[in-house]
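> Given the structure of chain A, go ahead and fit chain B with the ligand onto it with the hints provided.
This is what each chain is made of:
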Amino acid sequence: METSGYDIVVVGAGNAALCSAITASEMGKKVLVLEKAPENQRGGNSKFTRNFRIAHEKGWNGFTQEYSGDEFLSDIRKVTSGISSSEMTRYVVDNSGEAVNWASAHGTKWQKALRSTLHLDRTNLFILGGGKALLNTYFRYLGKFRNCRIVYDSELIKMNVENNTFQSLTASIQGHNVEIKGDAVILGSGGFESNLNILREAWGDATDNFIIRGTSQNTGVPLMEMIRHGAASVGEKNDGHMVGVDARSPKYEGGIVTRVDSVIFGIVVNKFAKRFFDEGYDIWPKRYAISGKLIARQPDQIAFSIFDSKSWGMFIPPLYPPIVENSIETLADRIGLNPDELRKTVTEYNAACPEAPGFDFSGLDGHGTGNIEPAKSNWARRIDTPPFYAYPLRPGLTFTYFGLKVDSQSRVTDVSGNPFNNIWAAGEIMAGNILNNGYLGGLGMTIGTLFGITAGKEASS
Amino acid sequence: MSGEFNIFSDKDKFMEDAVRQFTICNSCRYCEGYCPVWPEVHSGNIVTRNDVLYYSNLCYDHRDCYYACPYVPGTHEFNINIPEVTRKIRRETYEELTYNVSGSPLKKTAISLALVVPVILGWFFAFNNIYSPGPVSFYKLVPKYPLIAVSSLLSVYLVSMLAVAGIRYRKLILNGLDNGNATAAVLPGVTTLLGVLAHKWFRNIHYPGGKESNIRLGFHLMIFYGFLMALLSTTLGFIYEDLLGIPSPFPFYSPVVIAGITGGSMLTVGSLLGLAARLSSRRTQGFMTVESFDFLLILEFLVVALTGLLTLLFRYTAGTEYVYLALLIHYSAIYTMYITAPFSTNILHVVVRLMSLNRFDNHNIP
Ligand SMILES: Cc1cc2nc3c(=O)[nH]c(=O)nc-3n(C[C@H](O)[C@H](O)[C@H](O)COP(=O)(O)OP(=O)(O)OC[C@H]3O[C@@H](n4cnc5c(N)ncnc54)[C@H](O)[C@@H]3O)c2cc1C
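Line by line, the protein sequences are chains A and B. The working numbering numbers the first residue of the first sequence as 1 and each following residue consecutively. The working numbering numbers the first residue of the second sequence as 1001 and each following residue consecutively.
These aren't lab readings, by the way, just hints derived from the structure by calculation. All of these numbers come straight from a predicted model, not from anything done at the bench. Be aware that one or more of the hints could be misleading.
Result set (DSS-like, lysine-lysine): computed pairs, CA atoms no more than 30 Å apart in a straight line [said to hold, decoys possible]:
1. A:K251 - A:K293
2. A:K144 - B:K1211
3. B:K1211 - A:K109
4. A:K271 - A:K237
5. A:K293 - A:K237
6. B:K1171 - B:K1144
7. B:K1211 - B:K1200
8. B:K1211 - A:K30
9. A:K112 - A:K58
10. B:K1107 - B:K1200
11. B:K1144 - A:K109
12. A:K112 - B:K1200
13. A:K237 - A:K158
14. A:K109 - A:K58
15. B:K1013 - A:K251
16. A:K251 - A:K158
17. B:K1013 - B:K1088
18. A:K109 - A:K144
19. B:K1011 - B:K1107
20. B:K1200 - A:K58
21. B:K1211 - A:K112
22. A:K344 - A:K274
23. A:K293 - A:K271
24. B:K1088 - B:K1211
One chain only, chain A, in its complex shape (with noise of 0.2 Å):
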């Protein structure tokens, strides 16, 4: 293989590299694609994405309702405490759509809105197949393009960068370090999620408990690497997205199905069978993106979430079974806990539920506990009837918001302000300009897409 000569070297393949190589390919330029993983376990974490959130009006490509800009503006300030770069969130917002459109004209095809997922069928568009088949469509169309090529099993380990200029790169390929000439870089490799040595830096020995949904590429190379050269960052190394997952689940790439969705149904305690936050709280995304944080600051990183028959069937069912008993105390036994105390937990958390508890969970209903700490704001219903039910929880990082910063057109940019000038970044490196402390279900497909083409496009002109 050729390893001079490209106008273009793109890092990775999931959604955002590849968004960035189709457009610079579109534009005529010679493109590298630079992969770590073998060809069938191609795509990152973008394999396992089920949607896209965007804005748009009623009846646009099939929804019934409306969701505006302004909502999805606040509905991303509320999961990020303000402090995002408005600009860029506002960009993403008002292009979101363009972001599907892309998409669409690339050969993506779109389902509604999944069987039990109804909080997101006003805001989000599901991709039809899921991220997967998404990517298969991309490296499909890419495949058409003589003047890109795409190589597997090449690990970017080592970018050589001099006067803010990207000069060449260290890739292993196969097990044989090349070095690798461009015009230009565009690096769309993701967080470090995988990388366990970072994570420990940041969390500690919890890390040995945490559960990673996505790929086990994104060991954050290329990002660390940036770093090294004076590139300016963003978020904190110990944020991340982080929910509940079975704590069954294999420690990479369970994807979405390890998910444990009866929290809100019930109650969740810890080791020593005590509840330890409101799992009522708030809006559903909200929540969901917290739960996993919780549980990381638990002693052993474990949880068990509680409830009884009658919530059994109202949510998707997580790939393992639940742990069933007759008595809370012989499901205590089952699961390791105290039996004592976790009938005291549920004899306190009963007490404090309201007499007609109205449980609706098609919207908060404000139906909360007492006087109880912590309590539980919302969908409070007292666990009586057996059959009870249990599921182990342990934290599940889906990324890591710690990135590179970049500017409006997607360029890296350096501590003191400059961009660097042939290097630009797109995806989840990045998204930590838009979202650095918080998420919203939808939006790493959506940031990918526009900033992936903005990145394409960019270098290529």
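Relative to the frame of chain A, chain B with the ligand by itself:
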């Protein structure tokens, strides 16, 4: 209710794994919009073995789910390969529905040839008056009433065998599903029939290679409608001759002949395409074997269609002997086809698929 269905009872591990795979699918749901299987999987909370049998018989083998899945063998420890699971189960279902009589294609052929050839030869010698004066008439080969009698008998046999398979499928699988009342009607509803006629679920199948194509739609349409045309030709012939009193043979512009030629040609091309596609799919998709395809029946289709066409062709071009020879092979092939049909996956799937789709349509009324 469903308890007795002992498909895979000795293959417990396989069924256990099939349930495991579908359970993972049910917690993912990304494939929901692909085909009828997924809304059905996602409508339940837990997956049972009985459910899996039904899903498998609803599956068209589009393989969209396989290509979209991040958990496929060789890339992920979850080892999900739904098309592989459903294909094996369909095969077993057909065996079970026919009391495992089907056996190997070779056995089937032997049995049916043994049954058919002597009968045909017997007729040939018994009623050998093809050289008697007068125009070419098919009834000179086999006289009318024996012909009608045997055809009727075989039709009754075929229909009852298929009815038995249908009743067993309903009893052993469909009735055991949750929401059993969605099984309801014995006869397929209008929606289902229209869908089948339009080949609603046949678009963009990953077949015969890994890419989406409409090749299967093409040959299935040709075999499906070619078969109906051939049937129409036979029926028209009967109506003309026995109800309207117009004696055969019919001129080539008669609807009987036109339907016959069209049907025969469609069947021929469709069968050849189908055979070719199967052979090439074996090469391009290593993980899919060809076992679910009944080569024998397709060959029979082909022989029936070709000899039917030749009979017509020879009538206008060649000597009488050739006409009768082609006709003789034609008859033999038809009877062989009749006898083997109830054991053929290709025929059984008509019944099982129709009933599954009907259950799906009843269950998913918009
Ligand atoms: C289970 C799950 C479900 C999700 N669902 C959604 C959803 O529905 N909607 C949504 O918007 N977001 C979702 N997300 C988040 C989403 O996955 C990310 O926001 C998005 O995929 C990021 O895309 P990307 O292209 O930046 O990174 P990735 O898709 O992760 O791609 C990174 C690429 O870089 C490669 N790479 C990494 N390091 C190197 C290296 N050193 N050299 C060469 N190549 C390298 C990787 O192999 C990979 O190909 C989900 C995440 C997970 C884990």
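> Now tell me, hint by hint, if it's right for this structure.
Hint by hint, here is what the structure shows:
At most 30 Å may separate the alpha-carbon atoms for a hinted pair to count; A:K251 and A:K293 meet this at roughly 17 Å. As the CA atoms of A:K144 and B:K1211 are separated by approximately 14 Å, the hinted pair is consistent with the 30 Å bound. Note on B:K1211 and A:K109: the hinted pairing holds, with a Cα-Cα distance of about 16 Å set against a maximum of 30 Å. Distance hint between A:K271 and A:K237 is fulfilled; the C-alpha atoms sit about 27 Å from each other, no more than 30 Å.
At most 30 Å may separate the alpha-carbon atoms for a hinted pair to count; A:K293 and A:K237 meet this at roughly 13 Å. Taking the CA atoms of B:K1171 and B:K1144, the gap is near 40 Å; set against the 30 Å cutoff, the hint is violated. Straight-line distance between C-alpha atoms of B:K1211 and B:K1200 comes to about 19 Å, which keeps the hinted pair within the 30 Å bound. A C-alpha spacing of about 27 Å is found between B:K1211 and A:K30, which places the hinted pair at or below 30 Å, so the restraint holds.
A C-alpha spacing of about 14 Å is found between A:K112 and A:K58, which places the hinted pair at or below 30 Å, so the restraint holds. Annotation: proposed proximity of B:K1107 to B:K1200 is violated, straight-line Cα distance about 35 Å (limit 30 Å). For the suggested pair B:K1144 and A:K109, the alpha carbons sit about 58 Å apart, so the restraint of at most 30 Å is broken. Between the alpha carbons of A:K112 and B:K1200 the distance comes to roughly 19 Å, so the proposed pair stays at or under 30 Å and holds.
Between A:K237 and A:K158 the alpha-carbon distance is near 21 Å, which keeps this suggested pair within the 30 Å criterion. A C-alpha spacing of about 19 Å is found between A:K109 and A:K58, which places the hinted pair at or below 30 Å, so the restraint holds. For a cut-off of 30 Å, the pair hint linking B:K1013 to A:K251 stands: about 25 Å separates their Cα positions. For the hint linking A:K251 to A:K158, the alpha-carbon distance of about 27 Å falls within 30 Å, and the restraint holds.
Between B:K1013 and B:K1088 the alpha-carbon distance is near 13 Å, which keeps this suggested pair within the 30 Å criterion. Restraint check for A:K109 and A:K144: satisfied, since their Cα atoms lie roughly 19 Å apart, inside the 30 Å limit. Distance hint between B:K1011 and B:K1107 is fulfilled; the C-alpha atoms sit about 24 Å from each other, no more than 30 Å. Among the hinted pairs, B:K1200 with A:K58 is consistent with the structure: their alpha-carbon atoms are about 29 Å apart, no more than 30 Å.
Annotation: proposed proximity of B:K1211 to A:K112 holds, straight-line Cα distance about 24 Å (limit 30 Å). This hinted pair checks out: A:K344 and A:K274 have alpha carbons roughly 9 Å apart, not beyond 30 Å. A distance of roughly 16 Å separates the Cα atoms of A:K293 and A:K271; the hinted pair therefore holds under the 30 Å criterion. Distance hint between B:K1088 and B:K1211 is fulfilled; the C-alpha atoms sit about 22 Å from each other, no more than 30 Å.
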